[in-house]
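Colleague: If you want the building blocks of each chain, they are given just below.
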Amino acid sequence: MSKSPEGDTPVAESTSTRSSAVSRYASVRLAHGSGGKLSLELIQDLFVSTFGGNELAELTDAAVVANPGGRVAFCTDSHTVTPTFFPGGDIGRLAVAGTVNDLAVMGAKPTYLTAAFLIEEGYDMDELERVVRSMKATADEAGVAIVAGDTKVLERGKGDGLFINTAGVGFIPDGVDLGPSRIEAGDKILVNGTLGDHGIAVMSRREGLAMGASLESDVAPLNGLIEQVMAVAPNVRFMRDVTRGGLAAVGNEVVLNQAWGLRIFDVAVPIHDIVEEYSEMLGIDPLLAANEGKVLMVVPDDESEAALGAMKAHPLGREAAIIGDIVKKPEGVALVETAYGSRRVLEMPIEEQLPRIC
Amino acid sequence: MSEAATPTFDFDPHIYKDADVVKGLQEKLATLADEIGRPVKLMHICGTHEHEMGRFALRDLIPESVEVLAGPGCPVCVCDNEYINMAIQLSLLDDVIVTSFGDMLAVPGSIPLEGERRGDVRMSLLDARAQGGDVRAVYSAFDAAQIARDNPDKEVVFFSVGFETTVVAVAAMLKRGAPDNLSIIEANYYTPPATHLLPELDGFDIEGFILPGHAVTITGLRVYEHLAEQGIACASGGFEPVDVLASIASLLEQLRDDKAIIDNPYSRLVKYDGNEKARSELHEVFELGPIRWRGIAEIPESGYKLRPEYQKYSAARKFAGRLDQRALAGAEHPKGCRCAEVTLGQIRPDECGVFGKLCTPDAPYGPCMVSHEGTCRAWYLYGMHKEKLNVEVA
Chain A
1 MSKSPEGDTP VAESTSTRSS AVSRYASVRL AHGSGGKLSL ELIQDLFVST
51 FGGNELAELT DAAVVANPGG RVAFCTDSHT VTPTFFPGGD IGRLAVAGTV
101 NDLAVMGAKP TYLTAAFLIE EGYDMDELER VVRSMKATAD EAGVAIVAGD
151 TKVLERGKGD GLFINTAGVG FIPDGVDLGP SRIEAGDKIL VNGTLGDHGI
201 AVMSRREGLA MGASLESDVA PLNGLIEQVM AVAPNVRFMR DVTRGGLAAV
251 GNEVVLNQAW GLRIFDVAVP IHDIVEEYSE MLGIDPLLAA NEGKVLMVVP
301 DDESEAALGA MKAHPLGREA AIIGDIVKKP EGVALVETAY GSRRVLEMPI
351 EEQLPRIC
Chain B
1 MSEAATPTFD FDPHIYKDAD VVKGLQEKLA TLADEIGRPV KLMHICGTHE
51 HEMGRFALRD LIPESVEVLA GPGCPVCVCD NEYINMAIQL SLLDDVIVTS
101 FGDMLAVPGS IPLEGERRGD VRMSLLDARA QGGDVRAVYS AFDAAQIARD
151 NPDKEVVFFS VGFETTVVAV AAMLKRGAPD NLSIIEANYY TPPATHLLPE
201 LDGFDIEGFI LPGHAVTITG LRVYEHLAEQ GIACASGGFE PVDVLASIAS
251 LLEQLRDDKA IIDNPYSRLV KYDGNEKARS ELHEVFELGP IRWRGIAEIP
301 ESGYKLRPEY QKYSAARKFA GRLDQRALAG AEHPKGCRCA EVTLGQIRPD
351 ECGVFGKLCT PDAPYGPCMV SHEGTCRAWY LYGMHKEKLN VEVA
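Chains A and B supply the protein sequences, listed in that same order. Here the numbering used here is used: the first residue of the first sequence is 1, the next is one more, and so on. Here the numbering used here is used: the first residue of the second sequence is 1, the next is one more, and so on.
Just chain A, with the same shape it has in the complex (with noise of 0.2 Å):
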């Protein structure tokens, strides 16, 4: 496709003062998702053009990639967000950093991805155009190449808006391996900024409530960051993408059934100020509210201080903090250590967090 969706692609009669619109529908229709004529347009002036790339033009039944080596790591990860677009970023952006993470903390080099949208019928076409441009925006800044896709229409009242599956495929380097069960006793854990940025940023927007305007969501592809701490810091043990459920999800998906525990002390947690003020006035525990662009890496003791060095140098790591260790009792519990010595158990999310009455 040589066409650019900046360009002067042609426009339907009724829809000519959208002078930048791909599509000649400023809604997607049933037909987008057919198979037939509609569909095929979708796909090569909105997608092919954006996303670019051979193996995408192709349309072929499956991208054929190039291998360059190394064990493959595979996911894949389905995203809704409402609002659609929220302050920092939107559904698009967040599909693709979602993926991009969950390979990265693998250790794996993001290389590939696939995109599947599930569309409802009457979406606004601009606001799809918006979204893909996004994707097409993080895919870059992450660097993949964003190779098969999907379109399917669901009809009106059968689907929310928009959904979007991204797959992706990574290549972890020979000698890396990352995984709890290297973790030891004594271990830091580290993360690259302020908790719960994301989930108090969508809750804000969602709810209307004005306190969270210039709070941003965090949403952003890691594989960078990452890189750069394994460069100075070989041995990092484990790292995941901490998200929804927050801090306290993945503290206890580590520690289950291992023989050690994982400390976290409260003030060295960092917190935006907005966080901490929106979560005291509503009852929310930032620890367990989401982020869409935080690692947390269990790091051996003596790479800590290089580790925490190369995410400060990260402009995705500014106010990155070493946040607790790994501790030998008690055993397969996640706990806070508060500024006052007291300790509590770091509990589990069960649901949404709601806010509390008084």
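Treat the hints with caution; some may be incorrect.
Unchecked claim - DSS-like cross-link-like pairs, simulated, lysine-lysine; straight-line CA separation at most 27 Å:
| # | chain 1 | residue 1 | chain 2 | residue 2 |
| --- | --- | --- | --- | --- |
| 1 | B | K41 | B | K259 |
| 2 | B | K335 | A | K329 |
| 3 | A | K328 | B | K386 |
| 4 | B | K312 | B | K41 |
| 5 | B | K277 | B | K312 |
| 6 | A | K136 | A | K152 |
| 7 | B | K386 | A | K329 |
| 8 | B | K277 | B | K259 |
| 9 | A | K329 | B | K277 |
| 10 | B | K28 | B | K388 |
| 11 | B | K259 | B | K28 |
| 12 | B | K388 | A | K328 |
| 13 | B | K357 | B | K335 |
| 14 | B | K259 | B | K23 |
| 15 | B | K386 | B | K23 |
| 16 | B | K154 | A | K158 |
| 17 | B | K386 | B | K335 |
| 18 | B | K357 | B | K312 |
| 19 | B | K28 | B | K41 |
| 20 | B | K388 | A | K329 |
| 21 | B | K357 | B | K388 |
Everything labelled a hint here was simulated from the structure, so no lab data went into it. In this text the structure is predicted, and so the values were computed from the model without any measurement.
Given chain A, put chain B in place with the hints provided.
Modeller: Just chain B, lined up with the frame of chain A:
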């Protein structure tokens, strides 16, 4: 009872996040406990207090001889079945939208949930939503009024639950003129009359009360003088660790000196006479009347009811003909649930046979495990039923 006494210990109520201040208070508590020389039971009556006890593991910092129990401090836990059942019935009517605080939506009433596998499980508003009811979470009564304005062809019901603090906002909303298609379920509770009753319970051995910091900013402290008159020490309690510990220190000091007053260590927010302006607005719209406290009793003068000139906003009145009145009442708690005793501080959550087994936050059985204000939920989530967390490092 005259003005609040000033604590004799060195404490600046404006420094409330300082670890050194906490350490100082912790030492003060240890000294006071030694001076008293016997076990002491204290009680707070606010769900947020129990939450903070858990979140900051404050029981770790309190001497072992001092036990702090949670009393009736969770508004949705004491909210009578009848109101929940009413809200559920209304939400299932085609032309009605039911709104309430997120916390209230998950609390079961007494209508059995058909097809449930976990035992004697009752329906909540969330279950009603799953069955097609239009149920929405809101942050305040003003949000409910807005929903009513946005849906002029629907009836919007605000399930108004809460203590003194929340009902003030409801009064403000109604006074400023609510749309005609809005009505409220009157389930607002006034706590002082319930605390009157506590000392009359069999086996009552609480020697001091931490008064609820949010509620007393409205009611003032005077309404708790009856406790001091009965020889029970009282102190206002804020919600930072410093506030809670300072409140406990005040109570222990009173016990050591064998006196019972209404102290005000949370003076940075609480005035002895409370907020008269808020109260006068509140009493323009509501008047006190009898109300049932779930699993406890009907307590006179403890419920906020709409005054006659505001009764056009009463959902119970508006929908009287469309409610199945017989189905409103029902067994208060499911079999085996001891929420009532937990609410009164008569047992700890882990003394209930279903706690942590049949009843967990992901599959709650009684209201105290459902609500974020509930004692059982706070205990489970913060592991307060578990052994002390002793750390051994590498």
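Colleague: With reference to the structure, classify each hint as holding or not holding.
Modeller: Hints versus structure:
Proposed proximity of K41/B and K259/B is supported: the alpha carbons are some 16 Å apart, at most 27 Å. A C-alpha spacing of about 38 Å is found between K335/B and K329/A, which places the hinted pair above 27 Å, so the restraint is violated. Taken as a hint, the K328/A and K386/B pair is honoured in the structure, with Cα atoms around 18 Å apart against an allowance of 27 Å. For the hint pairing K312/B with K41/B, the CA-to-CA distance comes to about 46 Å; that exceeds 27 Å, so the pair is violated.
Distance check on the hinted pair: K277/B and K312/B sit about 24 Å apart at the alpha-carbon level, within 27 Å; holds. Of the pairs offered as hints, the one joining K136/A and K152/A holds, with about 20 Å between alpha carbons and a cut-off of 27 Å not exceeded. Distance hint between K386/B and K329/A is fulfilled; the C-alpha atoms sit about 14 Å from each other, no more than 27 Å. With a C-alpha separation of about 32 Å, the suggested pairing of K277/B with K259/B is violated against the 27 Å cut-off.
Our distance criterion of 27 Å between C-alpha atoms is broken by K329/A and K277/B, whose separation comes to about 54 Å. Pair hint K28/B plus K388/B holds up; C-alpha atoms about 22 Å apart against a cutoff of 27 Å. The straight-line distance between the Cα atoms of K259/B and K28/B is roughly 18 Å, inside the 27 Å bound, and the hint therefore holds. In summary, the hint linking K388/B to K328/A is supported, as the alpha carbons are separated by about 15 Å, within the 27 Å threshold.
In summary, the hint linking K357/B to K335/B is supported, as the alpha carbons are separated by about 14 Å, within the 27 Å threshold. With a C-alpha separation of about 26 Å, the suggested pairing of K259/B with K23/B holds against the 27 Å cut-off. Restraint check for K386/B and K23/B: the C-alpha separation of about 24 Å stays at or below 27 Å, so the hint holds. Between the alpha carbons of K154/B and K158/A the distance comes to roughly 24 Å, so the proposed pair stays at or under 27 Å and holds.
Our distance criterion of 27 Å between C-alpha atoms is met by K386/B and K335/B, whose separation comes to about 25 Å. In summary, the hint linking K357/B to K312/B is not supported, as the alpha carbons are separated by about 45 Å, beyond the 27 Å threshold. With a C-alpha separation of about 17 Å, the suggested pair K28/B and K41/B falls inside the 27 Å cut-off, and the hint holds. The straight-line distance between the Cα atoms of K388/B and K329/A is roughly 12 Å, inside the 27 Å bound, and the hint therefore holds.
For the hint pairing K357/B with K388/B, the CA-to-CA distance comes to about 20 Å; that is within 27 Å, so the pair holds.
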